[in-house]
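Visitor: Fit chains Y and H to the given chain G structure using the hints.
Chain by chain, the residues run as shown.
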Amino acid sequence: MKNNIIEMTRGFFNITVAVNGEKKELAVRNGEFLLDALRRHGWKGTKKGCDTGDCGSCAVILNGKPVLGCLVPAVAAHDGAITTIEGLGSVREPHPLQAAFVEAGAVQCGFCIPGMILSSKHLLDVTPNPTEAEIRKALDGNLCRCTGYVQQVAAVKNAAKTLAGKGKRA
Amino acid sequence: MKNIKYYAFPSTTKEAVALLLNKRYKAMALAGGTLVAKTLPETVETYLDIKNVPIKNIKLQGGNLVIGAGATFNDIDLSKLCRGWAGGVISAAAAKCSSQLIRNMATIGGNVARPHSFNIFPVVLLGLDAKVRLSSRSGARLVDFQDLYSSGLGLRPGLDSLITEIVIPGKTRKWKCEFVKLAKTESSWESYITLFFSAEKKGKGLAQVRVAVGALSPKPFRAPETEKVLLSGAGPVAAATAFAAELDAARAGEYRASAAASLLKRFAGSI
Amino acid sequence: MDAKNLKVVNKPVAKMDAMGLACGEPAFTDDVEIKGLLCGKILWSPHAHARIKKIDTDAALKVPGVKAVLTYKDLPRVPHTTAGQGYPEPSPYDTYTLDNKVRYVGDRVAAVAAETQEAAQEAISKIKVEYELLPAVFDTFEAMKEGAPVIHDEEDSKNIPDAKHNIAAKFDFEVRNGDWFKEADHVFEHSWKIPYLQHCAIEPHVTIAYFDNAGRLVLRTSTQVPFHVRRIVAQALKIPVKNIRVIKPRIGGGFGSKQEVLEDIVAALALKAGRPVKLEYTRKETFISSRTRHPATCRMKAGVKKDGTITDAEMEITLNTGAYGSHALTVMMCSGSHTIPMYRVKNNIKFIGRSVYTNMPVAGAYRGYGATQGFFAWECLMDMMAAKIGMDPVVFRKMNYIKLGEGSPVFKAMGEGREGVEQVITSTGLFEAIQKGMDEIKWAEKKAKYASQTGPIRRGVGVACMMQGSGIPEVDMACATMKMNEDGSFNLLVGAADLGTGSDTILAQIAAEVLGIKADDIVVTSSDTDITPFDVGAYASSTTFISGGAVKKTAEKVRDMIIEVGAKILDKKKEELRLADGKVVAADGASCPLSEVANTSLYYYNQHQITASASHFAHTSPPPFQANFAEVEVDTETGQIKILDYVSCVDCGTAINPQLAQGQNDGAVVNGISHTLSEEMEFSSNGTPLNASFRRYKILSAADTPPVRSFIIPTWEPAGPFGAKSVSEIGINGPLPAVANAVYSATGVWLFEAPFTPDKVLKAIKKAR
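Protein chains in written order, with my numbering: chain G, 1 to 170; chain Y, 1 to 271; chain H, 1 to 769.
Bound-form chain G, shown alone (with noise of 0.2 Å):
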């Protein structure tokens, strides 16, 4: 039983973990949650919004579901997998979300954006074809005060025809 027992040491646990598909040894503070955690260690991409689980800024995506960074404490993300934005793609290779959301003008100020592309991407996983009712759902945690959400429905609903024209050529 004592190798499912991690104890503190001077105010850290370490944990195994695998962030974006590496294997990271990372010491977590005592009573640090996931998403200080993560940008402590530089996934400044995890936005930290309001702190109280409620504007889904800080989604990440653990052990294949998205999940609220700011309610996770660091420490339970051991022996997990996440995923955050910077796993997804990048300026110069983007995912086909994050290529569609900037396509759609869903982007304004950005801060929003990572936590509900995680999101998205989760839903895209599950549903591949999702009807708005379905996205507005699964976004319902991402707050946006920037957009109406229009822009942003619409980039999910473009993005799903773009993965699903490359999963039939591939």
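Watch out, some of these pointers could steer you wrong.
Stated by the list, open to error - Pair by pair, the computed Cβ-Cβ distance ranges are:
#, chain 1, residue 1, chain 2, residue 2, range
1, Y, S138, G, F12, 33 to 41 Å
2, H, E118, Y, S138, 35 to 43 Å
3, Y, G269, H, G407, 55 to 63 Å
4, Y, K204, G, K166, 40 to 48 Å
5, G, S90, Y, L78, 29 to 37 Å
To be verified - Derived DSS-like pairs: lysine-lysine, alpha-carbon spacing no greater than 30 Å straight-line:
#, chain 1, residue 1, chain 2, residue 2
6, H, K193, H, K763
7, G, K65, Y, K56
8, G, K24, H, K35
9, H, K518, G, K157
10, G, K65, Y, K228
11, Y, K219, H, K763
12, G, K157, H, K642
13, H, K73, H, K7
14, Y, K5, G, K23
15, Y, K51, G, K23
16, H, K101, H, K170
17, H, K193, H, K53
18, H, K760, H, K449
19, H, K642, Y, K96
20, H, K284, Y, K219
21, G, K23, Y, K2
22, H, K284, Y, K96
23, G, K157, H, K7
24, Y, K202, Y, K228
Claimed, not checked - In silico contact screen, one side only, chain H against chain Y (beta carbon under 10 Å); selected entries:
#, residue
25, K518
26, L700
27, T757
Calculated directly from the structure, the hints in this document are not laboratory data.
From the three backbone atoms N, C-alpha and C, an ideal C-beta is built for every residue, glycine too.
Guide: Below, chains Y and H alone, put in the same frame as chain G:
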């Protein structure tokens, strides 16, 4: 969180309960953590993560619907079994909990373990005569949800015991049910009131009815007078009047009483 | 003129910073690592009104890791305003970086900088404060009464018109043309109310103060007004402007809340500690201690003749400015100046405005800026009048709205801190906007269909029309600088503060259009007071119109310089040359690429850098116009309103970037719908905010948001760059009246108090029965 010394992630119920009962660890069990991760009691020194404990399944067992305590709102929302049970009322309720990100994390067990007025499930579980299976020092036991939720039965789930299953009795499978969340907006965390109505027809009359009210306080309650009026076949208007009176007595306030009574009237009219 | 022949302007060019943001590139204020960064924290007042009798920081200073503790004793006492407005600001100078008096729950008491957040928090908890509690006042009408607690009793504040009666701003204005209501067949008088509303930019207020290698103070901050930040921080802390640099990185939304200069305290902490300090508001702090919309009671009285002539109109607006008078005068002025001219009033017009201090959170600039409050009243009143005289509300509006070439005495009388300017309407697409909206919502069909309904669920359609401004005439000024690079690309340096609106992109489009190149041949740097020229900042719907004007002038100067060199290269007369497709092109088809022009100028001919700067200000503020239509379903037994369809048709002149303009309008409208259905800050009886979180102060999510459809109605504004007017604010003003009018058409019940939550709606319905 700042007093945490150990992070434990057992893989069986037995291990988890052993850790809870081991005085050395001062452990608290968490699943989604959406309710308590930010406000962990200072006395807790071990964060007991039940992510690997196999209590997430949703299954049929002995004619009953058994929902693992670790099933998330999203799991329940999407579960075919839940969607097919009592008109899908359990899934419908799960879908109305605040946001998708919360629904991905929060579990039904957490909703049962921590009474809050904004919890979605209690009013539904009360209305469906749910039972809760938990493991404690004295082993596994099955208790009435209502007893556990209202009195605690001397247990502190998460600290001295672990909720493992929610059992929805088979008799409710075909009940006509409705869950209403009356709130400012669809995705509001808080509601003015949540309502659970159910009825089972028998010939021209009703075999049973349930009228349960949530969100007014952490503890949901049934409206016995209203249920009686409904059973008596006095009609929707009489039921609504009785319901308004009961809500009034429960200090629901004019708006809640009036709106909820109207909704009950509609439900009664639709039976 | 129209936008037909434009090549870059009026096209959906992708927003330049969008891909970086979508990929999570570190772009925002807090996305950098600064060595030795301290954490700043503020001790906030738990009392609505109190004097600090004693403040003891000894224990706080002893907390390990604490590097600075500040109270009012440590700072110069400089009355100033936090309103980030042009100098001299029309807001009263009634604020001190720290004071010995607190005026609302959430006011600053003291500040701490420490090595860690935990240490800062601990130090905050160890500051001992002895308060003398003072009677507090929370209601504007109570606050104006004789004997009410005086919130600004200090002697050194400036420009408070009547501190004794808690009046932070007042203005009265009347056009008299005969006896009041003499010609009116019907007279109406009602009051409409708007509560405390917060901007809810998803990025909280955050600033990092650090020092450059010369020891100058650098403020990397989420602001809409970098140049005003530099000036006001210099003023408040008594340091020279030259010793401050303000950098505006990418901003996570502002909506007016970041037109507020709150950076003084973190600057003071950094100066005291001699170390970099970050101050990031929590969400709760952002709700309570940044800024809000001014709550308002707007009483309107108007007369109408049976034939639809509006004879008289009187607006009395009482704004709650909270504890400080930030934007107190100007929001009040805009509540009348942006609304009353919307419709012709035949005889008499009166405006009575008061901004009143209370012991409540501080109001400030918020998208819509007073017009939101004014139009709620005016547009609902329009429907009341139409209903009474039996005229379709659309027909009634069409008959009365301000037409091309028409002016209003209000334009001249009501400016922002000084007299306004005379102006007439030089472009309007309101007629077309109304027609388009009626078609899209199926106005006539739905009106007929919903005329006879039974049962508890009722449907209805409603309309509202609005206008706004485009910058503050003869106040707002912007400057741009361009320089040419070897490859024929350009750097465009602007003071204009892109806070997520896409202004960098549309400004590049304007320059590219002038220079005959693609927008992505322009590299935009916005808002660094050391690098970019002055701009008042992103507010008052000014960026497209004012900053866009500056960019166009700058690009035209650059174009002339290019042609000068091109003429030499091609051996042609300048008059024969134009710029197109990245080349200088002669009438006979001869051409040379811009890269050749650049290299020639840099290395061969009359060696010089092709570069220019130009400033722009305007004598008018051409209003954009909108027609909004809402279709609603009201559950008359639960009070729930469901918006089934919402159509917003906007005339913003030429949309420089139609996709971004649509995004601006969608966002404004949905923010307005959120105001309409849900938002309201709640307070306890002692002024403590009760719902300062996204959980309890509910803004609409994607699932809550009804279908919203924005349509751009193209017009050409002669005073604007390529025919453009503003677009960013106007859309927020429509939902309250459009939905209220739709609810009336569905139920026959008027709603006077925002938000239209189910409990209030049901109460109104029951009262009407």
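Visitor: Give a verdict on every hint.
Guide: Hints, verified against the model:
Distance hint for S138 of chain Y and F12 of chain G: a CB-CB separation of about 38 Å, consistent with the stated range 33 to 41 Å. Range check, E118 of chain H to S138 of chain Y: about 41 Å between beta-carbon atoms, so the 35 to 43 Å window is met. Taken as a hint, the range 55 to 63 Å holds for the pair G269 of chain Y and G407 of chain H, whose Cβ atoms sit roughly 59 Å apart. With their beta carbons about 59 Å apart, K204 of chain Y and K166 of chain G fall outside the hinted range of 40 to 48 Å.
At about 32 Å, the beta-carbon gap between S90 of chain G and L78 of chain Y stays in the expected band of 29 to 37 Å. Note on K193 of chain H and K763 of chain H: the hinted pairing holds, with a Cα-Cα distance of about 16 Å set against a maximum of 30 Å. Note on K65 of chain G and K56 of chain Y: the hinted pairing holds, with a Cα-Cα distance of about 15 Å set against a maximum of 30 Å. The suggested pairing of K24 of chain G with K35 of chain H holds, with an alpha-carbon distance near 24 Å, which does not exceed 30 Å.
Proximity of K518 of chain H to K157 of chain G is assessed by CA-CA distance (about 29 Å); at most 30 Å being required, the pair is judged to hold. A threshold of 30 Å between alpha carbons decides the hint, and for K65 of chain G with K228 of chain Y the separation of about 45 Å lies outside it, so the pair is violated. Taking the CA atoms of K219 of chain Y and K763 of chain H, the gap is about 27 Å. The hint holds against a cut of 30 Å. For the suggested pair K157 of chain G and K642 of chain H, the alpha carbons sit about 25 Å apart, so the restraint of at most 30 Å is met.
For a cut-off of 30 Å, the pair hint linking K73 of chain H to K7 of chain H is broken: about 60 Å separates their Cα positions. At most 30 Å may separate the alpha-carbon atoms for a hinted pair to count; K5 of chain Y and K23 of chain G meet this at roughly 24 Å. Restraint check for K51 of chain Y and K23 of chain G: satisfied, since their Cα atoms lie roughly 20 Å apart, inside the 30 Å limit. Taking the CA atoms of K101 of chain H and K170 of chain H, the gap is near 25 Å; set against the 30 Å cutoff, the hint holds.
Under the criterion of a C-alpha separation no larger than 30 Å, the hint pairing K193 of chain H with K53 of chain H is inconsistent with the structure, at around 38 Å. For the hint linking K760 of chain H to K449 of chain H, the alpha-carbon distance of about 27 Å falls within 30 Å, and the restraint holds. Among the hinted pairs, K642 of chain H with K96 of chain Y is consistent with the structure: their alpha-carbon atoms are about 17 Å apart, no more than 30 Å. Distance check on the hinted pair: K284 of chain H and K219 of chain Y sit about 28 Å apart at the alpha-carbon level, within 30 Å; holds.
For the proposed pair K23 of chain G and K2 of chain Y, the alpha carbon gap of about 26 Å is at most 30 Å, so the pair holds. Under the criterion of a C-alpha separation no larger than 30 Å, the hint pairing K284 of chain H with K96 of chain Y is consistent with the structure, at around 25 Å. In summary, the hint linking K157 of chain G to K7 of chain H is supported, as the alpha carbons are separated by about 29 Å, within the 30 Å threshold. For the proposed pair K202 of chain Y and K228 of chain Y, the alpha carbon gap of about 15 Å is at most 30 Å, so the pair holds.
Annotation: interface hint on K518 of chain H violated; nearest CB of chain Y at approximately 39 Å, more than 10 Å. Satisfaction of the interface hint for L700 of chain H is found here, the shortest Cβ-Cβ separation to chain Y being roughly 6 Å, below the 10 Å cut-off. With 10 Å as the threshold, the beta carbon of T757 of chain H comes within range of chain Y, its nearest partner Cβ sitting at about 6 Å, so the hint holds.
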